[in-house]
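Under my numbering, the first residue of the sequence shown is numbered 61, with each subsequent residue one higher.
These are computed hints drawn from the structure, not numbers from a lab.
Model, not experiment: these values are computed from the prediction.
All C-beta atoms, glycine included, are put in the ideal place defined by N, C-alpha and C.
Hints should not be assumed to be uniformly reliable.
[As the list claims (entries may be wrong)] The following label-pair restraints were derived from C-beta to C-beta distances: (1) A66 - G101: 32 to 40 Å; (2) K106 - I166: 13 to 21 Å; (3) M153 - F79: 41 to 49 Å; (4) Y98 - L75: 41 to 49 Å; (5) R68 - Q171: 27 to 35 Å; (6) M84 - A119: 42 to 50 Å; (7) Q104 - R157: 14 to 22 Å; (8) A119 - V95: 20 to 28 Å; (9) K111 - R168: 16 to 24 Å; (10) G164 - D73: 26 to 34 Å; (11) P81 - L118: 43 to 51 Å; (12) D73 - G101: 18 to 26 Å.
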Amino acid sequence: MNPGYAGRTELPDNLKALFRPVAMMVPDYALIAEVMLYAEGFEQAKALSNKITTLYELATLQLSKQPHYDFVYNGYELVTLQLSKQPHYDFGMRAIRSVLVASGVIKRGQQ
């Protein structure tokens with residue numbers, strides 16, 4: 061089932077026939093971030109969403125693979141760097157969403 065799993069086995073043909081094929085795509089994080097920023101009240105959401113998603117893509121590619129970075133929403137701080145026991149980075153949509161929601165909270169607090 062999971063192509064990345066080393067111990068995976070193929071389903072038998074009679075069992076495969078009971079399932080429908082499903083196509084999946086990588087989500088457009090920039091578009092999702094843009095909509096979330098608009099929802100939080102940002103007027104320059106398109107430019108900001110491109111910058112935020114580029115930042116997270118570059119962080120994923122360029123930071124070391126050691127398990128001590130954890131970019132999470134912590135209270136009202138946008139991004140904190142703290143020790144973590146997680147064996148991976150979380151630069152996915154959950155992390156981006158946390159930053160965007162925190163940005164909206166800060167923006168509403170300044171008005």
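Hints and how they fare:
no.	hint	verdict
1	A66 - G101: 32 to 40 Å	47 Å, violated
2	K106 - I166: 13 to 21 Å	20 Å, holds
3	M153 - F79: 41 to 49 Å	27 Å, violated
4	Y98 - L75: 41 to 49 Å	45 Å, holds
5	R68 - Q171: 27 to 35 Å	52 Å, violated
6	M84 - A119: 42 to 50 Å	24 Å, violated
7	Q104 - R157: 14 to 22 Å	19 Å, holds
8	A119 - V95: 20 to 28 Å	22 Å, holds
9	K111 - R168: 16 to 24 Å	21 Å, holds
10	G164 - D73: 26 to 34 Å	50 Å, violated
11	P81 - L118: 43 to 51 Å	34 Å, violated
12	D73 - G101: 18 to 26 Å	54 Å, violated
When the structure is compared with the earlier hints, violations turn up for hints 1, 3, 5, 6, 10, 11 and 12 and for no others.
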